Amino acid sequence: DQQVKQNSPSLSVQEGRISILNCDYTNSMFDYFLWYKKYPAEGPTFLISISSIKDKNEDGRFTVFLNKSAKHLSLHIVPSQPGDSAVYFCAASDPGVGNQFYFGTGTSLTVIP
Amino acid sequence: ETGVTQSPTHLIKTRGQQVTLRCSSQSGHNTVSWYQQALGQGPQFIFQYYREEENGRGNFPPRFSGLQFPNYSSELNVNALELDDSALYLCASSRSPGNTIYFGEGSWLTVV
Numbered sequence: 001d002q003q004v005k006q007n008s009p010s011l012s013v014q015e016g017r018i019s020i021l022n023c024d025y026t027n028s029m030f031d032y033f034l035w036y037k038k039y040p041a042e043g044p045t046f047l048i049s050i051s052s053i054k055d056k057n058e059d060g061r062f063t064v065f066l067n068k069s070a071k072h073l074s075l076h077i078v079p080s081q082p083g084d085s086a087v088y089f090c091a092a093s094d095p096g097v098g099n100q101f102y103f104g105t106g107t108s109l110t111v112i113p
Numbered sequence: 114e115t116g117v118t119q120s121p122t123h124l125i126k127t128r129g130q131q132v133t134l135r136c137s138s139q140s141g142h143n144t145v146s147w148y149q150q151a152l153g154q155g156p157q158f159i160f161q162y163y164r165e166e167e168n169g170r171g172n173f174p175p176r177f178s179g180l181q182f183p184n185y186s187s188e189l190n191v192n193a194l195e196l197d198d199s200a201l202y203l204c205a206s207s208r209s210p211g212n213t214i215y216f217g218e219g220s221w222l223t224v225v
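Residue numbers (the numbering used here), protein chains in the order written: chain A, 1 to 113; chain B, 114 to 225.
No wet-lab data here; the hints were simulated from the structure.
Incorrect hints may have been included.
Computed footprint of chain A on chain B; a stretch qualifies when at least three of its residues, placed anywhere within it, have a C-beta under 8 Å from a C-beta of chain A [what the hints assert, rightly or not]:
#1 155-163
#2 183-189
#3 206-214
Incomplete in silico selection of chain A near chain B, CB under 8 Å [stated by the list, open to error]:
#4 34
#5 39
#6 42
#7 43
#8 46
#9 83
#10 89
#11 95
#12 97
#13 99
#14 104
#15 105
#16 106
#17 108
#18 110
All of these numbers come straight from a predicted model, not from anything done at the bench.
All C-beta atoms, glycine included, are put in the ideal place defined by N, C-alpha and C.
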């Protein structure tokens, strides 16, 4: 049973515009969320995190929004750059089971120059 | 600061064989987790090691086993390899269980 879902397998955005990647989860006990970027033939690279006590976290061009009532989070990239083209994964953890992260299946972002 | 390193990067094994994958954690990290990523899927949790003991396990059979050493490095062992074990195996370390995990480059395993 997939507890973290990324329903958009792919997304294309023009350079300079905003990229919005979405993630939904089913477990209301999840309280810590992460986003990763993955290039082909490399391991995932940590981008940004958010705790359930917040609804927004920013780091440079990356902002993550959390809507706990909707069990939804999103990653905004502004402005998008060609180097942002990669697969993006969201992940979540349950503090009662603090040893694993549950990952979505990823969204492939293509930023068109 | 040294990141997570994994070896080997690629390997090919025959069905029924055994494989050992190795991981050195990032400096300052005492917790190591292993994930399996099949093509087109997100990483799936195999297990975590903390203080040299298994600290949680995902839905993987006992032929997947591991070790953590006093320097926090870790091994993943898979016995009786099956074709479906072909995947990218990712090691991740963290400052403690439940904290942000940082991945290595991964080990690509192909079982033929």
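Exercise. Does the CB of residue 105 of chain A sit less than 8 Å away from some CB of chain B?
Worked result: With a minimum Cβ separation of about 5 Å from chain B (threshold 8 Å), the hint on residue 105 of chain A holds.
Exercise. With a cut-off of 8 Å, does the beta carbon of residue 83 of chain A approach a beta carbon of chain B closely enough for the hint to hold?
Worked result: violated (18 Å)
For this session: Tell me if residue 39 of chain A is really an interface residue toward chain B, meaning its C-beta lies closer than 8 Å to one of theirs.
Result: violated (10 Å)
For this session: Count the residues of the stretch 183-189 of chain B whose CB lies closer than 8 Å to any CB of chain A, then report whether that count reaches three.
Result: violated (count 0)
Problem set entry | Interface hint compliance - residue 42 of chain A to chain B, C-beta minimum distance less than 8 Å | holds (6 Å)
For this session: Against chain B, run the beta carbon of residue 108 of chain A and see if the smallest gap drops under 8 Å.
Result: violated (10 Å)
Exercise. Close enough to count: is the Cβ of residue 95 of chain A nearer than 8 Å to one in chain B?
Worked result: Hint on residue 95 of chain A: holds, closest Cβ of chain B at ~7 Å, below 8 Å.
Exercise. Can the hint on residue 46 of chain A be confirmed by a CB-to-CB distance to chain B that is less than 8 Å?
Worked result: holds (6 Å)
For this session: Classify the hint on residue 99 of chain A as holds or violated, based on whether any CB of chain B lies nearer than 8 Å to its CB.
Result: holds (3 Å)
Exercise. Given residue 104 of chain A as an interface hint, is the shortest Cβ-Cβ distance to chain B below 8 Å?
Worked result: holds (5 Å)
For this session: So, residue 34 of chain A near chain B? Judge it on the closest CB pair being under 8 Å.
Result: holds (6 Å)
Exercise. Taking the least C-beta to C-beta distance, is residue 97 of chain A closer than 8 Å to chain B?
Worked result: Result: holds, 7 Å to nearest chain B Cβ.
Violated hints, listed in ascending order, are 2, 5, 9, 17 and 18; each of the other numbered hints is respected by the structure.
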